[in-house]
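Please work from the sequences and hints to get the whole structure.
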Amino acid sequence: MASLLLSSFTNLTQLLFVQPPVLDGEYDGLEYTWKFFVFRPALFKNEVFLLAAVIMYGAFFWFGSKINSARADSWLNAHMGLLEKQFSRPTAGDLTADGYTDFFNFSTGRRNVASLHTVFTLRPRHDLFQLVYQTAWSLIDLLYTPKDDVTLDFKLHTTVSVPDFVWALITKEESNSIKNERWDLTFTKTTENPSLPPNVVVMSEYADVTDNVLKIAGPLLEAIKDPKIQPYFRSFTITDQPRVRPSVVPANKEKHVTLSLAAPPPSHATDSVRLVSAVFDFIDVLEKVNLRPETKSKLKKTREDFSKTVKDEAEREAREEAADAKLAAKRRAEEERIANLSAAEQQKLLERDRKRNLRKTQGKVVKK
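Anchor point for the sequence shown: position 24 equals 24 in the numbering used here, and the numbering is continuous, going up by one each time.
Read the hints as simulated data drawn from the structure, not as lab findings.
Be aware that a few hints might be false.
Said to hold, decoys possible - 20 Å max Cα-Cα, derived SDA-like pairs, lysine to any residue:
no. : residue 1 : residue 2
1   : K255      : D184
2   : K300      : V162
3   : K155      : D240
4   : K253      : S88
5   : K311      : R245
6   : K225      : L196
7   : K288      : S277
8   : K179      : K225
9   : K147      : F104
10  : K311      : D271
11  : K147      : D271
12  : K155      : K253
13  : K155      : D211
14  : K255      : T151
15  : K296      : L196
16  : K311      : D211
Structure representation (structure tokens):
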């Protein structure tokens with residue numbers, strides 16, 4: 001008993017009083033001591049490199065996120081004067097950030113335009129590993145060119161009388177992959193036009209649509225040809241179809257005019273003001289598009305055929321789901337019936353199923 005009390009007292013004193021450090025007598029490097037603290041820098045070489053890496057990554061993260069927010073802010077500020085002239089509510093406040101690469105602005109209150117969503121999708125400058133991955137992959141896949149993107153999505157008022165069609169101006173670089181990203185553009189065929197810059201092509205459903213749109217697009221085409229804008233222009237689309245293939249026929253169809261740009265650096269943020277202004281003017285004359293009756297009939301038939309296809313797919317899927325539900329209900333009912341049987345009856349059923357499976361197996365062997 002006495003030894004137990006002595007042991008407990010010893011443990012208690014070790015907790016209350018700091019023990020002197022156990023030092024390596026062979027250490028002859030730099031050493032700092034303060035009371036019972038001893039610091040030997042040479043013993044923390046790995047920790048120094050780890051701390052430096054953490055600090056560098058943190059600095060990279062901070063600078064990268066600031067660069068992205070500055071790029072989005074500078075573009076919006078450069079175009080704010082134009083937005084204030086065009087909209088009664090040009091912005092809902094500061095840019096809305098979703099993480100460190102995506103930024104949004106919402107504008108509303110204008111004739112012919114129900115709303116404008118301005119979406120910035122920037123490179124992950126805050127994430128060193130993603131940035132290295134993008135750079136490495138761009139060296140392997142020559143079609144993969146990560147860029148800073150700003151998209152202006154103009155949703156037209158339902159009162160705007162514009163025929164249903166899909167039409168676009170796309171740079172040749174973008175045309176290689178854009179149909180994989182934009183389902184609505186699968187309605188179109190790609191052609192060249194002498195009135196466009198050599199690096200831009202037309203994506204249109206019919207030539208009549210192209211002819212009518214180009215008649216009213218003079219200022220827009222001049223802006224696209226501007227050498228200041230050329231490095232940043234990616235695509236311009238007019239569409240009555242969703243970007244993603246719908247699984248059901250939309251109850252309310254929307255028409256959108258979309259401008260996609262490579263986001264310019266802050267020093268060139270004002271270069272795209274002329275093009276954005278031309279898009280507003282273009283929307284105001286879009287109702288002047290007057291297609292031939294046969295073109296309208298073809299466009300209408302294309303959409304009716306697709307709506308029928310979507311309805312058929314939905315009905316087929318509903319029938320399959322109903323059949324699966326019926327089969328599952330039948331299986332559950334059978335399981336409940338068997339569960340209510342006596343143990344002897346359940347054993348007979350199991351034996352019958354075993355013999356049936358055995359006969360099936362033997363039949364397959366004989367056929368072989």
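Any of the earlier hints contradicted here, and which numbers? Numbers 4, 8, 10, 13, 15 and 16 - these are the hints that the structure violates, sorted from lowest upward.
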